[in-house]
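**Q** Read off the chains here:
Number of protein chains: 6
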Amino acid sequence: MPNRPHTDIRTIPANAYVEGVYSIVNPQIGTTRAGKSYLKCLLRDATGEIVTRQWSFDESSLGDLSAAGFVWAAGHTQVYNGQIQFIAEQVKPVDVDEDELTALLPSTAFDIDAMFQEVRSILGTIGHPALKALADTYLADEELMAAFRRCPAAVSVHHAFIGGLLEHTLQLLKLADVILPMYPLLSRDLVIMGLFLHDMGKTVELKWEKGFDYTTEGNLIGHVVRGAIWLPVKAAIAAKAGERIQPDALRALQHIILTHHGLPEHGAVKLPATPEAIFVAMLDNLDAKTATALAHTRSDSVRETDGPFTEKVWTLGTRLYRPDPLK
Amino acid sequence: MPNRPHTDIRTIPANAYVEGVYSIVNPQIGTTRAGKSYLKCLLRDATGEIVTRQWSFDESSLGDLSAAGFVWAAGHTQVYNGQIQFIAEQVKPVDVDEDELTALLPSTAFDIDAMFQEVRSILGTIGHPALKALADTYLADEELMAAFRRCPAAVSVHHAFIGGLLEHTLQLLKLADVILPMYPLLSRDLVIMGLFLHDMGKTVELKWEKGFDYTTEGNLIGHVVRGAIWLPVKAAIAAKAGERIQPDALRALQHIILTHHGLPEHGAVKLPATPEAIFVAMLDNLDAKTATALAHTRSDSVRETDGPFTEKVWTLGTRLYRPDPLK
Amino acid sequence: MPNRPHTDIRTIPANAYVEGVYSIVNPQIGTTRAGKSYLKCLLRDATGEIVTRQWSFDESSLGDLSAAGFVWAAGHTQVYNGQIQFIAEQVKPVDVDEDELTALLPSTAFDIDAMFQEVRSILGTIGHPALKALADTYLADEELMAAFRRCPAAVSVHHAFIGGLLEHTLQLLKLADVILPMYPLLSRDLVIMGLFLHDMGKTVELKWEKGFDYTTEGNLIGHVVRGAIWLPVKAAIAAKAGERIQPDALRALQHIILTHHGLPEHGAVKLPATPEAIFVAMLDNLDAKTATALAHTRSDSVRETDGPFTEKVWTLGTRLYRPDPLK
Amino acid sequence: MPNRPHTDIRTIPANAYVEGVYSIVNPQIGTTRAGKSYLKCLLRDATGEIVTRQWSFDESSLGDLSAAGFVWAAGHTQVYNGQIQFIAEQVKPVDVDEDELTALLPSTAFDIDAMFQEVRSILGTIGHPALKALADTYLADEELMAAFRRCPAAVSVHHAFIGGLLEHTLQLLKLADVILPMYPLLSRDLVIMGLFLHDMGKTVELKWEKGFDYTTEGNLIGHVVRGAIWLPVKAAIAAKAGERIQPDALRALQHIILTHHGLPEHGAVKLPATPEAIFVAMLDNLDAKTATALAHTRSDSVRETDGPFTEKVWTLGTRLYRPDPLK
Amino acid sequence: MPNRPHTDIRTIPANAYVEGVYSIVNPQIGTTRAGKSYLKCLLRDATGEIVTRQWSFDESSLGDLSAAGFVWAAGHTQVYNGQIQFIAEQVKPVDVDEDELTALLPSTAFDIDAMFQEVRSILGTIGHPALKALADTYLADEELMAAFRRCPAAVSVHHAFIGGLLEHTLQLLKLADVILPMYPLLSRDLVIMGLFLHDMGKTVELKWEKGFDYTTEGNLIGHVVRGAIWLPVKAAIAAKAGERIQPDALRALQHIILTHHGLPEHGAVKLPATPEAIFVAMLDNLDAKTATALAHTRSDSVRETDGPFTEKVWTLGTRLYRPDPLK
Amino acid sequence: MPNRPHTDIRTIPANAYVEGVYSIVNPQIGTTRAGKSYLKCLLRDATGEIVTRQWSFDESSLGDLSAAGFVWAAGHTQVYNGQIQFIAEQVKPVDVDEDELTALLPSTAFDIDAMFQEVRSILGTIGHPALKALADTYLADEELMAAFRRCPAAVSVHHAFIGGLLEHTLQLLKLADVILPMYPLLSRDLVIMGLFLHDMGKTVELKWEKGFDYTTEGNLIGHVVRGAIWLPVKAAIAAKAGERIQPDALRALQHIILTHHGLPEHGAVKLPATPEAIFVAMLDNLDAKTATALAHTRSDSVRETDGPFTEKVWTLGTRLYRPDPLK
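Chains as they are written, first to last, in our numbering: chain A, 9 to 335; chain B, 9 to 335; chain C, 9 to 335; chain D, 9 to 335; chain E, 9 to 335; chain F, 9 to 335.
One or more of the hints may lead you astray.
Copies of the same chain look alike in the list, so a pair counts if it fits in one copy or across any two.
Below are the BS3-like pairs computed for lysine-lysine, each with C-alpha atoms no more than 30 Å apart in a straight line [stated by the list, open to error]:
#1 Lys278 x Lys100
#2 Lys44 x Lys248
#3 Lys215 x Lys100
#4 Lys182 x Lys215
#5 Lys278 x Lys335
#6 Lys215 x Lys335
Simulated from the structure, these hints should not be mistaken for lab results.
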């Protein structure tokens with residue numbers, strides 16, 4: 009967002025002037041005891057979010073703000089209930105271009121192009137010709153790959169940022185790359201392809217342009233089944249191009265995708281029933297849980313004043329202990 | 009067992025003469041319809057087990073056979089109900105020395121000395137002085153290390169063979185060694201020590217000299233708590249030798265041991281609540297499940313005539329599909 | 009099976025001569041104490057099954073019997089352990105044609121052609137043009153419809169007979185036809201199509217020609233997801249023929265198929281989240297449970313000598329009380 | 009409520025004068041920052057509820073308002089926090105007669121007399137003389153039938169309105185009436201009686217005159233057991249009048265009542281173990297779940313501005329998708 | 009059984025002559041390989057059970073044996089498969105009188121009259137007049153009290169013997185008698201009455217004359233609800249005799265009976281929701297579990313040769329350790 | 009707190025002057041609409057807690073208040089939202105001595121010295137010399153016994169007050185003392201020692217000086233395992249003093265401690281597998297549940313205006329009915 013001034017939310021001090029373009033979340037009309045309407049909402053950028061009020065507000069503009077999703081805001085901060093609050097004087101809908109969008113949403117700390125290149129490079133090591141052709145068919149789908157590069161891995165919890173799906177997928181591929189030599193009986197090619205595709209359906213399960221949320225597709229069908237539905241379509245394209253993948257191999261890949269959540273109560277369609285499916289489900293779980301734990305205890309977003317224990321982290325079922333006792 | 013002839017059970021054909029020293033399992037008296045007593049039992053060696061009958065049997069020797077645990081047997085095989093059965097003419101109790109014992113129990117396919125040396129070597133990379141001293145204290149406990157080198161990792165299911173605990177522990181240490189660089193926020197030293205110690209209590213939970221089984225200690229206390237109980241004792245020894253480990257670090261290690269089964273219903277005392285404890289529990293699960301799946305589908309013990317699906321494998325909750333579809 | 013004599017298994021008395029073509033189940037070699045091999049197996053036809061032995065048996069012919077699946081057998085019955093047993097003198101592999109196959113497998117008591125015609129007729133009442141075109145596309149798939157007409161609804165438990173899927177589907181369609189007027193806010197067309205398609209994937213999940221069992225496809229993917237994968241393919245065919253179904257409607261149908269088992273732990277991919285999906289799941293459950301209960305308590309297969317309570321019926325979780333207290 | 013003016017709550021606009029008799033819910037004393045007491049409460053009628061404040065309020069009259077349950081209120085509405093709020097100038101306790109009560113509580117959209125007549129008429133088709141006499145004994149209990157006609161079927165969720173129990177019971181009887189011909193092995197008379205009686209205990213489990221709630225009886229005993237306790241009493245009355253019902257039939261009816269919630273964790277005393285009990289439990293579940301889903305997605309109370317997904321509906325375990333995709 | 013010879017089953021040696029009257033369990037026809045029918049069954053008396061065969065047996069007398077339930081048998085014992093087996097020469101149906109019945113069924117080790125007197129005596133300490141009158145009404149029901157004195161407390165597991173219900177009830181009353189002074193806020197009278205009545209319904213849930221089993225009543229209704237159904241009937245009798253029990257007290261007693269299994273999944277109709285109901289459920293559980301554990305580890309039926317661990321005891325979920333480590 | 013004035017919180021009326029030393033809970037900065045900072049917090053003493061505000065407050069003193077944990081406060085009460093609120097004019101950090109601490113925390117209603125003397129006295133009845141010596145070793149640990157005398161038994165729910173652990177332990181010992189004669193096969197000495205030690209680990213699991221909370225030790229290790237870890241240390245001390253306890257007895261005691269929560273999902277390390285461990289777990293549960301139920305329904309803290317039903321009590325899973333129906 010090179011051409012407009014922008015105050016990063018994480019750095020906003022009390023009693024300061026603030027202006028910039030922000031994502032607007034949950035705008036609503038409040039009414040003071042005196043009967044006057046005001047705007048209440050959250051503003052977000054890639055660095056955080058801030059409670060915002062505009063005391064003199066024309067109710068009729070609420071619809072425009074909701075529709076736009078992004079606003080230009082200016083005003084001052086003050087402390088209310090021990091919290092910094094943004095008292096805006098102006099809040100106007102704006103259009104944002106691709107670059108600004110990137111700046112407004114929480115995003116991976118790594119370079120997306122570089123990560124995608126690493127994924128390509130690991131897929132390049134697949135030895136089985138038909139599987140390699142299948143991988144190439146996915147890589148050639150530009151629209152899908154564009155989504156794959158930007159899609160978060162979740163609405164919240166772990167890898168909930170632009171590029172999160174790519175980062176998580178790459179981490180799994182790199183882990184597999186170093187681990188697989190220690191499990192020589194596993195089919196390396198199946199595992200690599202399974203990891204590449206296991207969460208691909210998230211590109212239609214989630215929306216991320218204006219805040220992260222589930223799509224109707226995500227609620228009613230889900231990424232697990234959607235990923236499996238795509239597979240025969242891509243295989244048909246690869247077959248037309250000359251590399252027919254055997255039905256058994258296709259089914260083994262579908263099985264990996266359908267079972268990668270491990271248990272039916274966690275969203276798996278079946279229990280994993282091949283060594284490769286079990287390995288993929290376990291590795292996915294290892295990375296998801298470890299990344300979640302580290303994000304709550306050792307990441308940059310942990311503040312010095314946070315206590316030794318987090319609140320209960322629902323996906324882990326417990327409060328986490330933050331200190332590294334060797335430090 | 010260099011000096012006595014021995015027919016490996018896996019290779020026994022029908023209608024052949026067989027002799028050798030075997031482990032005797034569940035010896036019982038049967039009675040033929042004609043009222044004659046006979047001996048029925050299983051004989052085992054490191055390669056498998058075989059149903060055995062001795063038709064003319066003196067009941068009074070049953071006690072000796074049970075007490076000995078090992079027998080010298082000779083006789084012929086025949087086919088009964090489609091199964092090869094050993095019709096022994098002689099079954100006599102024998103003493104076995106350490107070497108024979110090794111030959112009679114299923115054992116790791118790897119070299120125990122070499123594996124133990126690898127464990128030592130990875131522990132040697134621990135940077136934190138007190139933790140390193142603690143590791144040395146364990147390594148200096150010769151009785152414990154002797155048990156650690158031979159103990160199976162389980163009574164059945166995964167790594168249920170002599171050296172299984174060592175093999176499983178080493179596999180985890182090697183996995184961690186290559187993975188940890190990808191999780192720089194994890195405390196490498198804590199993870200390495202946690203993995204080394206997580207199942208150490210199995211050395212008193214299990215007995216393995218005469219077939220694998222749980223000890224009374226295993227049934228009433230269990231390896232999870234026993235491992236945690238040992239820790240302050242070892243730390244006290246290390247402290248006397250000059251390296252005092254901080255209470256926080258000790259507690260973090262105990263927490264890893266107490267929680268490495270992941271869920272209370274799987275035997276964890278608490279839910280893992282540090283990133284290191286979560287990582288250890290997930291990695292242990294990954295190796296245990298993957299090794300179990302491979303043993304049932306791709307190992308040498310899978311026979312050509314086995315169908316594509318196994319029976320239900322209880323720890324995995326499902327039948328497994330054996331074929332590698334890329335082969 | 010017009011041209012060969014055949015004794016129905018249900019009617020076989022003790023000490024009688026029996027001959028006919030039967031399905032052979034689980035043929036195995038037994039050995040008498042005297043060391044002679046004999047054949048042990050079950051023989052089945054549409055009316056029941058009988059324990060069978062052939063005392064003089066050439067082991068080398070076991071493979072042929074297993075491969076054939078069907079045999080011509082002749083011999084006498086006798087009572088052993090209070091049970092009628094078939095002591096066969098001859099057991100020879102045979103080929104069976106389609107008509108004989110029908111005669112050898114348990115089959116619906118209703119006329120398959122007539123039932124299929126009823127299904128067609130109810131589908132004919134669909135008012136929405138695109139949904140109707142979609143139904144016609146399925147009906148035009150002759151291979152699929154041939155399987156749909158013969159497929160059992162399950163390997164055991166309820167509707168485990170040739171034509172069982174058709175009978176169960178028709179029963180649901182007829183129930184919906186009379187019930188839907190009482191729920192005017194439900195979309196009748198969606199419910200009718202959803203019921204028609206909900207179990208269609210069973211045609212590849214199960215095999216039934218030589219006894220009922222799950223296919224590899226059934227074990228690794230399952231009928232729930234397979235049915236959903238087919239839907240866009242059929243919709244594409246219908247679209248080419250001129251009737252494009254809206255994505256929302258397609259998704260609603262997929263959602264019905266994916267959720268018709270009601271709960272993840274019962275095999276649903278998601279919880280049903282539309283009124284139509286909830287209704288379909290509940291109606292399917294009502295018919296499955298009621299049919300199961302009636303089969304165990306009031307059907308022709310219940311014998312006079314059966315006591316008032318059945319054994320525990322696993323899918324219902326309890327023993328059932330047979331008597332109708334008003335009779 | 010013919011003789012008093014009454015503004016229906018659903019139709020109340022902002023900034024309007026409102027007066028009428030309403031049910032008062034949860035009256036409490038608030039205190040303004042200035043230290044003055046005010047009344048805060050909800051007012052309800054059959055069409056909805058509205059947040060209400062009376063700024064000048066004499067605390068001493070709170071007890072009277074609580075005791076009365078109904079008030080006459082007058083004042084103006086204003087918008088506060090985007091919600092219409094009723095700022096009452098007067099709130100006085102009043103007595104309400106039976107007609108007004110009907111007008112003040114949410115009530116079935118159908119005619120209670122007509123529905124009850126339909127129930128009578130379906131019960132009239134029972135063929136078994138003793139069961140018919142038993143039905144007549146219930147119908148002759150005027151106090152019970154008066155409660156049965158007005159009782160809601162639940163405190164919230166499904167059929168939570170005056171006449172809800174009658175409406176739900178009639179719906180089940182009508183469903184059974186059209187379905188039972190398709191299950192000829194079910195005892196129609198038992199099912200019809202079972203459906204009539206299955207929820208009869210709700211007439212003492214719930215109270216509805218002054219808002220819907222559980223009685224002490226409902227909390228400590230519950231409608232399931234209470235309904236079963238009544239049965240022998242009614243049977244004794246029928247027997248005195250000349251029709252003795254066999255103990256087996258009585259027990260079968262009690263079993264239906266005791267098991268109609270299907271699972272112990274849902275309140276069933278036993279698992280349903282007769283075909284009729286299973287059918288009743290399944291049909292009850294089908295209507296309850298379908299009615300709940302339709303009420304949240306397709307009923308008049310769904311507003312145009314509601315989004316495509318509801319909040320999570322607890323009894324269904326999920327958010328519901330509202331649109332009918334064929335419309 | 010004074011007038012007929014009887015060998016106690018527990019004391020039967022190998023190779024001995026045996027005769028006496030026994031309960032016959034599960035009589036069936038077997039057939040020898042030679043085609044001859046024989047009788048196989050269990051014989052039981054109060055001291056144990058023994059596998060029995062009669063090699064020459066006329067099939068037509070099987071029905072008489074089944075119907076009688078008791079037989080006079082004579083023959084010799086031999087050892088088969090390490091187990092003592094009774095090879096009967098004669099097995100004839102007989103009638104047994106009340107005394108013999110007592111001798112043939114496992115029975116409490118205590119004096120039934122004395123125990124019943126103790127129950128009466130503790131009930132005599134109830135201070136509340138109406139509750140005392142209610143207790144007297146139960147005690148005056150001679151048929152019920154006769155059943156209460158003999159009924160086992162279960163079909164198997166704990167107190168599964170004649171007089172078991174009385175012994176268990178008395179143990180609970182005596183425990184409460186010494187414990188209640190330490191919980192002065194509990195209503196002693198309610199607890200005492202609740203304990204007296206909590207399992208009273210077992211007198212119709214179980215049958216015990218010819219081996220212990222559930223009645224149809226037990227399967228379809230159960231002792232929990234039956235006990236609650238009886239209560240108002242007894243209260244009505246007490247009221248006629250002049251002591252009217254308040255509805256609240258009656259309901260509190262019903263609540264204790266309906267909830268004494270603690271959890272719905274264990275058969276409780278509701279969760280216990282009064283201090284007295286919670287106390288009764290907990291005390292019942294304490295005695296049931298402790299008595300079960302002692303019966304499997306420290307009772308006379310534990311043999312010297314039993315190992316330190318029992319098989320898994322299903323109601324306790326685990327194997328039990330037998331030795332008392334202080335002995 | 010003899011020398012400073014103190015108004016007990018339970019007795020504070022509306023519109024009164026209040027002063028005293030109180031525990032300060034959760035102090036926070038609020039801001040009025042006018043932008044002025046104020047202090048909001050709870051003040052607690054042994055008799056209850058009160059919502060408190062100080063309108064003119066210097067934010068910079070918040071840290072001191074938090075650190076101190078105790079304050080001297082003075083001001084007036086007023087009614088706000090129907091609740092009495094404390095409007096403090098002064099709130100200053102103070103140090104409190106041991107006596108004041110006792111006065112400020114909720115505390116057992118019984119005399120701690122007398123209770124501890126009773127525990128000693130029951131332990132004095134242990135007959136087994138080594139167990140008795142072990143008990144004396146614990147009693148001789150003055151620091152541990154000081155904590156044992158003051159530690160609450162829980163952070164909330166049951167016995168959540170100073171001396172709660174002692175009161176609960178003594179109640180269990182007294183219950184066992186009167187019950188054990190009725191279970192002569194139980195080892196009295198093991199039960200008594202097991203009860204004395206079962207919750208001893210709570211002395212390091214909880215902190216109570218400044219409000220009750222879990223320690224890091226409690227969160228990561230827990231009292232169950234900590235209690236078991238201590239045991240061999242104490243046994244070693246006793247052994248040095250001349251009384252060596254056999255390993256079997258030590259293990260049996262550890263097993264009691266490790267299993268006293270009954271089920272893994274409630275925190276037990278194993279299922280109780282000895283009669284003594286089962287008895288201890290059941291008795292602990294009986295006292296905990298009964299005490300919880302009585303505290304919510306019949307204790308002094310229940311007010312006249314409370315309704316007949318409590319809110320849902322989470323550890324009991326239900327709302328409780330308060331009235332004693334015989335009163």
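**Q** With reference to the structure, classify each hint as holding or not holding.
**A** Structure-based check of all given hints:
1. Lys278 x Lys100: Classified as neither: same-chain Cα gap 49 Å, cross-chain 40 Å, threshold 30 Å.
2. Lys44 x Lys248: neither (66 Å within a copy, 59 Å between copies)
3. Lys215 x Lys100: For Lys215 and Lys100, only the intra-copy Cα distance (24 Å) is at most 30 Å; the inter-copy one is 52 Å.
4. Lys182 x Lys215: within (27 Å within a copy, 39 Å between copies)
5. Lys278 x Lys335: For Lys278 and Lys335, the Cα distance is within 30 Å only across copies (24 Å; inside one copy 43 Å).
6. Lys215 x Lys335: between (40 Å within a copy, 25 Å between copies)
Checked against the numbered hints given earlier, this structure breaks hints 1, 2; the rest are met.
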